[in-house]
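Asker: Okay, here's what each chain looks like letter by letter:
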Amino acid sequence: MFKTIKLSEITRREALKSGAAAAAMGVATPMMAGQAFAGAEEDRIVAAAKKAVPNGQDLTGIMWGLYSSGAKPVMDEFGDLTGISITKLQDISAFDIPQRAMAEALSKSPEFDFFHVDTNMIPSLASAGLLEPLDDYMAAADFKINAVGDFGKFLTYKGKTYGITTDGNVHVQFVRKDLFENPDERKAFADKHGRELTWPETWEEDLEIMKFFHRPDQDLWGSANLRDRGSSVAWWYMYLHSAGGFPFTDDMDPNIDNEIGEYAFQTYLDVKQVSHPEAAGWGTPQMIPRIINGQAYSCQYWDGVAALAENPKKSKTAGKWLFGPVPGSKKSGKLLKRSVSTPNVGILVNRHSPRKEAMAYMAMYLGTGANSARIVGDPVNTFHDPWHVDHFKPGSLAEKVYTPGGMDAIKKNLQIVTPPIFLTGLLEFETELKRNLSEMYAGDKTAKQAASDTSEAWGRAIRRIGKRRLKEELATYKSLFPSVDVPS
Amino acid sequence: MTADTTMNAEPAPRRGNSREATRAQGVKRFKWTVLTPLMALMIFILLPAFLLQGYFSFFSFSIFDAGDDPSFLSYFRASTWVGLDLWADAFSDDKFGYAIIRSLLFSTGVTTGCFLLGFGLALLMYRPFRGQGVYYIFFILPMLTVPIVIAYTGEMILYQNGPLNDIIGMVTGTRSEVQFLYNQQAALTTIGLLEIWNWTPFSFIIMMAGLAALPKEPQEAAQILGASRWRIFWEVQLPLLRPVILLALILRFLESMAEFPKTWGLLQGGPGSATETIPVYIFINAWQFFDLSYGAVLSYLVLFMMVAIVMSAIWLLRREKKSLDEMYQASPEES
Amino acid sequence: MAMTKSQRRTAYAAMRYFLLTIWLLIVAFPIFWMVSTSFKPDREWFAWPPVYISENATLQNYLAVWADVEGHSVDEQTGEIKTYAQSLQRPWVALGNSALISFIATTLSVLFGSVLAYGVSRYQILSEGRMFQLLMLRMVPPIVLVAPISIWYSALGLLDTVTGLVILYFLTTLPYAVWMSKSFIDEVPREMEQAAEILGASRWRTIWEVVLPLVRSGLVATFLFILILTWSEYLLALLLSKAQVVTLPVELSKYQGSTEGRVYGRQAALSVGITLPLIVVGLIIRKHLARGFSFGMVRR
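Chains as they are written, first to last, in the working numbering: chain S, 456 to 943; chain P, 9 to 343; chain V, 10 to 309.
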């Protein structure tokens, strides 16, 4: 048998073995620019892992293939260093993993060692007894999740850490620079609306501007926001949270069958005027091409798309984008901006697995500053988005891929990032919400009806999941919300 | 059936009763050798599941109370007595009601479609003609295609900028933009058409077997008497085919009540709730919300409904089979 | 002007060919589209107007799915990133699982079913009422019991095992096996068995060497029909398997995410691989098929 070994792999392995030579090589190879070869953090994890699992272990888990391609080199490297390797992956779509993980919790099976899943599932999965708290392992390796702002809290539940993120995922406002800054357009806008064309501060301004640039006859649509059943719920959260709303009352009753709830549904529906008629059937595979081929004026979208849209090899609109904080709302009496992070994907460790300790160290190794920089900085796979403090240092690998403007916007939006429903039973709450959003968007319901129907369905869900349990979780959920009104 | 009794009762002239006794014992041993494994599987696999389901329908199980104890008993510890509460919920659950109606409509439509097409094709095909073999091979192909493959291939063909709209456009001369999948009014019908495509061969093969086995004499007699083809079909062939037609209808109806791969694979119950059929609705409750107890109640209700449907189907089938048996007994012409 | 009898016959023949050909096209088109898409390069998957037969046919999809040849590539037109990481759960493993499970389950079901059918036909070991009740095993939708079964299986250690799926496939297909084979066995004259019995053959030998060979053709048809059901089963395989026993239909569903997954070419290449074995088996034994499927509701 003939085995091809990539040169880059050899250098990386060699590099990690010897300190000084490594530093030299790190400079020599552009791929390694982001790596800190002092590697103190990595060394501690490797040492702790070797001590805990001296003979190494073969691990298996559920992970979506497109995510694994970014993380695989780092995983392989950890395998070389410690003998703890991921030898088998159940490759299923990121949107199906929450359901599969819950099925594992039901059967309490030790088969999978980890789930690479939306960390918003932490309350549900931890309640179901599936997750291993990582704090002790983290202490053993003196490892900390060093995320921007309060983002690290998204991995905790009732005071314990249950996951290591690999993917920041926050919504960022995308605006077409060439159109926004075009003097003729600016003049036409000012003439029409009696005000200067400025960065949209509220959803209402955003809609007005999108309407202005909405030109279906030129194959240019005002909005590229998703409106499908799968992921469009993210936008609804931004509308609700920025209006000062919170989905539940302190007594854990639904809190959306009211003016603010209706506002969120209505704002969601209003964007239909500036969306492609087929948008309700489009997910990212249909929408992203529209964005990067210049058929959309603006959107709020996952930050990863910034890297794609600014990559001249892949995008017709490279260099034509402005990124910034998402719009907000004055509904609460003051301007409030709220972005959203979903799906924020991380590694969660199976408590039932006999190999959980080895898995915990593997997860930490993926979450160090240097290693996560390699994952999010992958120029081809833009599925992992920056989140670590180091990613935002000038000259980082992430900055090259995401552009300085993009990184600045990501950082700003991370300051105002909110979680989706961070409670046990997320799947049930969101399924009901998605059903109503999609029925409303299809024209079967008004915003008011959708708000009241969702509220009713949530009431049932709360009864089934248990009001007392959910009330206990409210504090954790609320603690994830940002304290600033608008990003600075 | 009569043959069996005569055979069993056949007296052995010399050894008399003892041989008959040995024989009866042998039959008994054979019977239990065959039935024991089957009954063991039912008792050890299906019965416990059935009882668990019953338990969960009265004791509300919450996956979030199950904790991390992997023992089997933890499932019982995580359940609390709620009596008939969940049953009451199910009876006032509109979505469940709609799911039942959707499933019944879906199955009725699919059954009718499969039968009419399958019977029509069988009528065109059952007499030998040139090329019969080639057509036959092609016509059974859809049945050999895996449903989940049909779902995904269906999407490739049916999406708005897909080939079907292109072909419709070419035929009609206008740009066709039918949303087969993402339109609430169309979605269930679209899944139904895929199901018809998939399973018409089943009805077709049954009806081919039925037509091929029709006795020739009554037709010939009718022809000699000068009856029109149409009358022969209605008054001679069709009555003889009744049992087999009934069978084709019943099996197809019951199988399509359980259709899941295409509905779930393509639309997961959407758009809106347009394709939330019974299996999808139970799946959502039991495998997305992991509310096993409510899923158990829904399952039991569906079970009762299906048993009622199957029982009436069986009653119909038995009646037809009996009259068939009687008819052949009256004029014994077994081949 | 009335048509003569031969004219009428020609007209009927022409109409028959016309109607049958229309249905033939309807039947063939999806299969054609699946095969055609499996050879299309990325940019033609969603092209408008649709590409019917690719001029740039490529084996890339097959290599990616079946030979694990992967790489980064970016669709020039849509900008989509096509990266297929090495997932170690390869379709070949799923193919092996599918083949193993469906062949074992189908063989068991047909063998056991035909012996049971023999017992019913000759000795009425099940009354007619029980025979009809047996149909319940098939006619109750599996979704109704799969949740408690998964818990019970988990306690028994049958979750994610070949045995676990084989048991359920066996039970759910048994009614068809019994009913179909009984209709064939009913047709076999008893004289042969009686002769064998007089010659001193045991009951089992009589079944194996006299009865079953006589209904071979029917059993082959039964086998294929049950193979279709077990090979394509989706729900039980999805919910009762994890890492070890992934079957092909479940493997295919991984290529489809609710929002991001539409990798048509790869799906098609995998679909062809799933469909082909059944079609080959079906074509090999097609002549046996014609007589099957009447469940004793017609008499020859």
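The hints are simulated quantities; they were obtained by calculation from the structure and are not laboratory data.
Please note: incorrect hints may appear among the correct ones.
[Claimed, not checked] Distance condition first, Cα-Cα at most 16 Å in a straight line; then the derived EDC-like pairs of lysine to aspartate or glutamate:
1. P:Lys329 x V:Glu137
2. P:Lys103 x S:Glu887
3. P:Lys329 x V:Asp195
4. S:Lys615 x S:Asp908
5. P:Lys103 x S:Glu928
6. P:Lys39 x V:Glu137
7. P:Lys103 x S:Glu911
8. S:Lys811 x P:Glu328
Asker: If a hint holds in the structure, say so; if it doesn't, say that too.
Answerer: These are the hints, each one checked on the structure:
Note on P:Lys329 and V:Glu137: the hinted pairing holds, with a Cα-Cα distance of about 11 Å set against a maximum of 16 Å. With a CA separation close to 12 Å, the supplied pair P:Lys103 and S:Glu887 stays within the 16 Å bound. Distance check on the hinted pair: P:Lys329 and V:Asp195 sit about 14 Å apart at the alpha-carbon level, within 16 Å; holds. Among the hinted pairs, S:Lys615 with S:Asp908 is inconsistent with the structure: their alpha-carbon atoms are about 35 Å apart, more than 16 Å.
As the CA atoms of P:Lys103 and S:Glu928 are separated by approximately 29 Å, the hinted pair breaks the 16 Å bound. At most 16 Å may separate the alpha-carbon atoms for a hinted pair to count; P:Lys39 and V:Glu137 meet this at roughly 15 Å. Annotation: proposed proximity of P:Lys103 to S:Glu911 holds, straight-line Cα distance about 13 Å (limit 16 Å). Restraint check for S:Lys811 and P:Glu328: not satisfied, since their Cα atoms lie roughly 62 Å apart, outside the 16 Å limit.
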